[in-house]
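For the protein sequence lines, the chains are Y and P, in the order given. Heads up: the first sequence begins at 1 in my numbering, then just goes up one per residue. Heads up: the second sequence begins at 1 in my numbering, then just goes up one per residue.
Please note: incorrect hints may appear among the correct ones.
Listed below are the simulated SDA-like cross-link pairs for lysine to any residue, each with C-alpha atoms no more than 20 Å apart in a straight line [as the list claims (entries may be wrong)]:
| hint | chain 1 | residue 1 | chain 2 | residue 2 |
| --- | --- | --- | --- | --- |
| 1 | Y | Lys3 | P | Asn78 |
| 2 | Y | Lys3 | P | Trp265 |
| 3 | Y | Lys3 | P | Trp416 |
| 4 | Y | Lys3 | P | Leu124 |
| 5 | Y | Lys3 | P | Ala266 |
Pulled from the structure, derived: some chain Y residues nowhere near chain P, Cβ distances all over 10 Å [to be verified]:
| hint | residue |
| --- | --- |
| 6 | Ser2 |
| 7 | Ala14 |
| 8 | Ser27 |
| 9 | Glu85 |
| 10 | Leu100 |
| 11 | Ala169 |
With the C-beta cut set under 7 Å, the calculated list includes, among others, these residues of chain Y facing chain P [unchecked claim]:
| hint | residue |
| --- | --- |
| 12 | Ala6 |
| 13 | Ala76 |
| 14 | Trp96 |
| 15 | Phe170 |
These are computed hints drawn from the structure, not numbers from a lab. Every residue gets a Cβ at the ideal spot worked out from N, C-alpha and C, and that includes glycine.
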Amino acid sequence: MSKHWARPVLGGLAALAVFELALGGLSYRDAIEDADWDAVSEAIEQDEPAAVRLATTWLGPRARMEVPQLAAPRSAAAPDLHGLETLTVVGLGESWSDALDRELEGQRRPSRISKEAFGPFEVGHYRFDGAPATLHSWLSNPPTLSTPQGVCRKKGSSWSCKEGSVNVAFAEVDYTPRRCFQFALSDNTPLTFEDTIPLGTSLRGHVGVTDFNGRLRSDAPIRVRTFIDDVSVGNFVVTDAQGWRPFSVKTEPGEHAVRVELTDTVRGTWGREGHNPGGRRKVCFELRVLGGGA
Amino acid sequence: MRDVPPWVRRLGPWFGALLVGLLVTAALSSTHRGTGYVRDEGIYFQASRSYAAWVDRLLHEPAQAMKRKVRDRHFAPNHEHPALMKTLGGMSARWLGSAPAKDGVPARGGQMPEGAAMRLPAQLMAGLATALLFLAGFRRAGVLAGLLASGAFILLPRVWFNAGLHAFDVPVAAMILAVVLAYRRAQGSVGWSLATAVLLGIAIAVKHNALFVGPLLALHHGLQLALDRLRHGRVAPRSTWVPLPLVSMMLLAPVVAWACWPWMWADPATRLQEYVTFHSQHSWYNMEFLGLNHNQPPMPLSYPWVMTLATVPAVLLVAGLLGLVLQGRIDVYAPVTRDAQASFWRPRPDSLPCRDALLYGLFAVFPIALISLPSTPIFGGTKHWITAYPFVALLCVEAWSRLWRLAEVPAARRRWMQPVLLALMLTPGAIAIRDAPTLGLSQYAPLVGGPRGAARLGLNRGFWGHAVSGVLPQQPGRLHLHDLHELARRQYAREGRWPQGVEPAPLSRADAALLFYELHMTTHEVDAWNRYGTTAPSTVLELDNVPLTALYESPLIDPTP
Numbered sequence: 001m002s003k004h005w006a007r008p009v010l011g012g013l014a015a016l017a018v019f020e021l022a023l024g025g026l027s028y029r030d031a032i033e034d035a036d037w038d039a040v041s042e043a044i045e046q047d048e049p050a051a052v053r054l055a056t057t058w059l060g061p062r063a064r065m066e067v068p069q070l071a072a073p074r075s076a077a078a079p080d081l082h083g084l085e086t087l088t089v090v091g092l093g094e095s096w097s098d099a100l101d102r103e104l105e106g107q108r109r110p111s112r113i114s115k116e117a118f119g120p121f122e123v124g125h126y127r128f129d130g131a132p133a134t135l136h137s138w139l140s141n142p143p144t145l146s147t148p149q150g151v152c153r154k155k156g157s158s159w160s161c162k163e164g165s166v167n168v169a170f171a172e173v174d175y176t177p178r179r180c181f182q183f184a185l186s187d188n189t190p191l192t193f194e195d196t197i198p199l200g201t202s203l204r205g206h207v208g209v210t211d212f213n214g215r216l217r218s219d220a221p222i223r224v225r226t227f228i229d230d231v232s233v234g235n236f237v238v239t240d241a242q243g244w245r246p247f248s249v250k251t252e253p254g255e256h257a258v259r260v261e262l263t264d265t266v267r268g269t270w271g272r273e274g275h276n277p278g279g280r281r282k283v284c285f286e287l288r289v290l291g292g293g294a
Numbered sequence: 001m002r003d004v005p006p007w008v009r010r011l012g013p014w015f016g017a018l019l020v021g022l023l024v025t026a027a028l029s030s031t032h033r034g035t036g037y038v039r040d041e042g043i044y045f046q047a048s049r050s051y052a053a054w055v056d057r058l059l060h061e062p063a064q065a066m067k068r069k070v071r072d073r074h075f076a077p078n079h080e081h082p083a084l085m086k087t088l089g090g091m092s093a094r095w096l097g098s099a100p101a102k103d104g105v106p107a108r109g110g111q112m113p114e115g116a117a118m119r120l121p122a123q124l125m126a127g128l129a130t131a132l133l134f135l136a137g138f139r140r141a142g143v144l145a146g147l148l149a150s151g152a153f154i155l156l157p158r159v160w161f162n163a164g165l166h167a168f169d170v171p172v173a174a175m176i177l178a179v180v181l182a183y184r185r186a187q188g189s190v191g192w193s194l195a196t197a198v199l200l201g202i203a204i205a206v207k208h209n210a211l212f213v214g215p216l217l218a219l220h221h222g223l224q225l226a227l228d229r230l231r232h233g234r235v236a237p238r239s240t241w242v243p244l245p246l247v248s249m250m251l252l253a254p255v256v257a258w259a260c261w262p263w264m265w266a267d268p269a270t271r272l273q274e275y276v277t278f279h280s281q282h283s284w285y286n287m288e289f290l291g292l293n294h295n296q297p298p299m300p301l302s303y304p305w306v307m308t309l310a311t312v313p314a315v316l317l318v319a320g321l322l323g324l325v326l327q328g329r330i331d332v333y334a335p336v337t338r339d340a341q342a343s344f345w346r347p348r349p350d351s352l353p354c355r356d357a358l359l360y361g362l363f364a365v366f367p368i369a370l371i372s373l374p375s376t377p378i379f380g381g382t383k384h385w386i387t388a389y390p391f392v393a394l395l396c397v398e399a400w401s402r403l404w405r406l407a408e409v410p411a412a413r414r415r416w417m418q419p420v421l422l423a424l425m426l427t428p429g430a431i432a433i434r435d436a437p438t439l440g441l442s443q444y445a446p447l448v449g450g451p452r453g454a455a456r457l458g459l460n461r462g463f464w465g466h467a468v469s470g471v472l473p474q475q476p477g478r479l480h481l482h483d484l485h486e487l488a489r490r491q492y493a494r495e496g497r498w499p500q501g502v503e504p505a506p507l508s509r510a511d512a513a514l515l516f517y518e519l520h521m522t523t524h525e526v527d528a529w530n531r532y533g534t535t536a537p538s539t540v541l542e543l544d545n546v547p548l549t550a551l552y553e554s555p556l557i558d559p560t561p
């Protein structure tokens with residue numbers, strides 16, 4: 001290297017340092033004022049919580065603290081983006097994210113109707129053109145739960161069965177909060193959910209396994225069988241490596257008897273030390289009736 | 001060193017090094033009073049008290065203290081790590097720290113809180129590292145190069161954070177640096193050969209990272225001989241193939257390390273085996289990287305490289321790389337005197353090139369490469385390759401020295417250009433530390449956009465449960481500590497820094513719960529939601545808007561359904 005190279009290289013180091021300083025000036029400060037949170041909260045206070053999402057997921061705790069709509073369980077632990085006609089998205093800088101794309105689960109991205117800026121926040125209003133609406137949810141209107149030993153007794157948001165208990169609660173599946181029926185019954189015990197309900201064009205649900213932190217994702221699968229009017233319409237297994245596994249069944253509109261049977265083939269979890277029959281692992285399940293739309 | 005006045009040339013380096021070391025130690029000691037106690041420190045505090053009590057007993061009842069049963073009882077806590085830093089921390093606390101009355105022992109007033117006193121030896125080691133770097137930089141290219149070397153190390157936010165803790169990572173980085181610098185001198189001095197071995201023994205007694213130093217120095221020596229032969233046809237005498245510096249390290253360092261660790265004095269073979277097994281089969285930590293949680297090996301090969309890029313200012317990485325390339329090239333082509341008088345005692349006299357860039361390059365790259373190996377357990381934290389950074393700093397000095405020499409800038413212009421460039425190179429790290437003086441584990445370089453940019457990329461937001469400033473409840477009640485270690489909590493309580501009447505409790509019985517944000521902690525956050533019937537925390541501790549810690553409590557008003 002000669003003088004002709006050394007001088008530009010020294011200059012380049014200085015330029016890089018100045019560039020980093022400028023970036024540092026932008027990075028090392030708060031970008032959000034309390035008033036920005038207030039403005040966002042006010043802007044979406046009339047929106048239905050189930051149709052509100054946060055695009056910038058890492059802001060979650062503060063966002064839920066400041067914006068009641070984002071703290072609502074139907075927003076903070078929603079199953080997916082299906083069954084919505086409209087959607088309001090709050091984001092830092094932009095009102096969409098890769099995380100929301102994943103929540104679409106194959107559905108087309110909604111079209112944006114409008115957007116507003118509140119300080120560094122962007123609030124986008126979207127419409128799912130022709131998408132079906134949510135007509136019924138088993139989480140809101142629970143069905144009858146039973147095991148081979150009989151019907152489970154309901155008390156509040158939990159059920160007591162002979163082989164264990166079931167409750168509706170928040171759960172972590174694949175590092176994402178969900179709200180679902182949770183249970184850990186004895187090995188190979190089927191848990192049956194059944195109800196006669198007015199159906200739309202499809203049943204949509206999810207099955208997952210909780211507590212991804214504590215496990216290496218090598219556990220026994222869960223068998224899922226779905227019946228409508230006693231006719232089998234779906235039969236598959238879900239492994240814990242599949243995360244929040246969606247499933248959908250096309251239906252004929254009208255009143256029908258729906259039965260979903262979930263069997264955890266072997267409870268507990270496998271780790272470095274072998275099989276642990278206890279632990280926090282539970283099966284997590286939700287189901288909705290979708291209908292209407294184009 | 002032409003621009004340095006004569007008196008500075010004589011005394012300046014030592015005075016400058018001392019000043020830098022003391023300033024750094026003082027700054028660490030004062031700013032880290034506000035840094036929460038990390039999980040590991042809680043355990044080390046307890047172990048330190050036990051080890052220091054043994055030293056005290058050794059001074060007063062030596063015969064009793066030397067009994068195996070007594071020794072083992074004192075050194076059993078946390079015996080998976082060597083005892084040196086914990087012993088020094090414990091002694092520092094006994095000397096300088098205040099302590100409450102306990103078990104009939106009266107309260108002790110001190111110069112500082114007990115935890116701050118325990119942290120002091122590690123902070124002094126950080127001061128030592130910067131002093132050594134100043135000396136090395138000064139000898140290479142003057143005062144500014146000395147400041148560049150020390151600043152390029154201590155002004156890295158992750159280094160600054162770890163340097164203030166009662167832990168081993170920065171101390172072992174300081175000791176490895178000391179060993180390597182001593183090894184350079186050992187090439188032509190019998191005394192330095194012995195000193196190198198003693199220093200290596202002490203380094204091993206600080207932390208196991210130092211076990212790799214001997215093989216790396218041997219590799220460097222082998223490369224030197226190979227380059228002499230391949231590039232210049234010089235065949236080294238057989239007596240220099242395994243010379244005194246390496247032999248003394250092999251023989252003396254283990255003895256020194258063993259002597260510094262009383263736990264190993266009894267049944268050393270079994271306990272050594274246990275020590276090796278613990279670290280080679282280390283538990284797998286969870287670590288978020290680019291939005292994915294990793295809790296079983298292998299981590300992506302790119303992990304430590306990307307995290308280095310994301311946490312070290314780019315200007316220093318580029319300068320270090322330039323130093324390696326520019327000076328490394330010279331190292332390879334350095335002329336060799338065929339009739340140099342090399343011997344077993346003095347394997348590389350002054351007439352042979354010492355190839356510093358190669359040496360620094362090996363020590364800068366190896367720790368990062370080791371962590372990136374698929375077979376390495378998931379450790380996660382950038383502290384695990386922190387030993388690389390002193391050598392990155394020395395490579396920066398190589399680039400500085402080489403570039404200014406080549407640029408032939410007139411002296412009048414150099415007088416202002418050099419300080420300006422030095423300030424520019426060190427300021428990105430300095431402002432990052434100013435932004436997060438006590439939350440350095442969550443700090444990221446400007447190039448990734450600081451903490452917000454890192455959160456967007458899905459990089460870890462911190463760990464160790466230390467970020468509690470402002471989130472602890474002030475009302476009496478039961479608190480779920482989450483990732484805050486109970487022993488760290490007890491240390492706060494010993495020092496009167498824990499809120500009165502706030503007692504630890506499992507989540508199922510707690511009135512409030514702490515939550516330290518990491519991707520894999522989502523499970524625990526959801527538990528808090530279920531427990532308190534709300535998804536909204538009552539308090540959130542943030543760094544540049546990125547939530548680090550939250551406090552969940554039972555809400556006074558039901559949340560929106």
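Right, here's what the structure says about each hint:
Our distance criterion of 20 Å between C-alpha atoms is broken by Y:Lys3 and P:Asn78, whose separation comes to about 56 Å. Distance check on the hinted pair: Y:Lys3 and P:Trp265 sit about 59 Å apart at the alpha-carbon level, beyond 20 Å; violated. Of the pairs offered as hints, the one joining Y:Lys3 and P:Trp416 holds, with about 19 Å between alpha carbons and a cut-off of 20 Å not exceeded. A threshold of 20 Å between alpha carbons decides the hint, and for Y:Lys3 with P:Leu124 the separation of about 41 Å lies outside it, so the pair is violated.
The straight-line distance between the Cα atoms of Y:Lys3 and P:Ala266 is roughly 62 Å, outside the 20 Å bound, and the hint therefore fails. Some Cβ of chain P comes within 10 Å of the Cβ of Y:Ser2; the nearest lies about 7 Å off, and the non-interface call is violated. Residue placement check: Y:Ala14 does not keep its beta carbon more than 10 Å from all beta carbons of chain P (closest about 5 Å). Taking the minimum C-beta to C-beta distance to chain P, about 3 Å, the non-interface status of Y:Ser27 is violated against the 10 Å cut.
Distance to chain P confirms Y:Glu85 as a non-interface residue, since its nearest Cβ pair spans about 20 Å, more than 10 Å. With a cut of 10 Å on Cβ distances, Y:Leu100 stays outside the contact zone with chain P, its closest approach being about 14 Å. At roughly 5 Å from the closest C-beta of chain P, the C-beta of Y:Ala169 falls inside 10 Å, breaking its exclusion from the interface. Because the beta carbon of Y:Ala6 sits about 4 Å from the nearest beta carbon in chain P, less than 7 Å, this interface hint is met.
Taking 7 Å as the C-beta cut-off, the interface hint given for Y:Ala76 holds, the closest approach to chain P being about 4 Å. Against a cut-off of 7 Å between C-beta atoms, the interface hint on Y:Trp96 is violated, since the closest Cβ of chain P lies about 14 Å away. At about 5 Å, the closest approach between the beta carbon of Y:Phe170 and any beta carbon in chain P falls short of 7 Å, and the interface hint on this residue holds.
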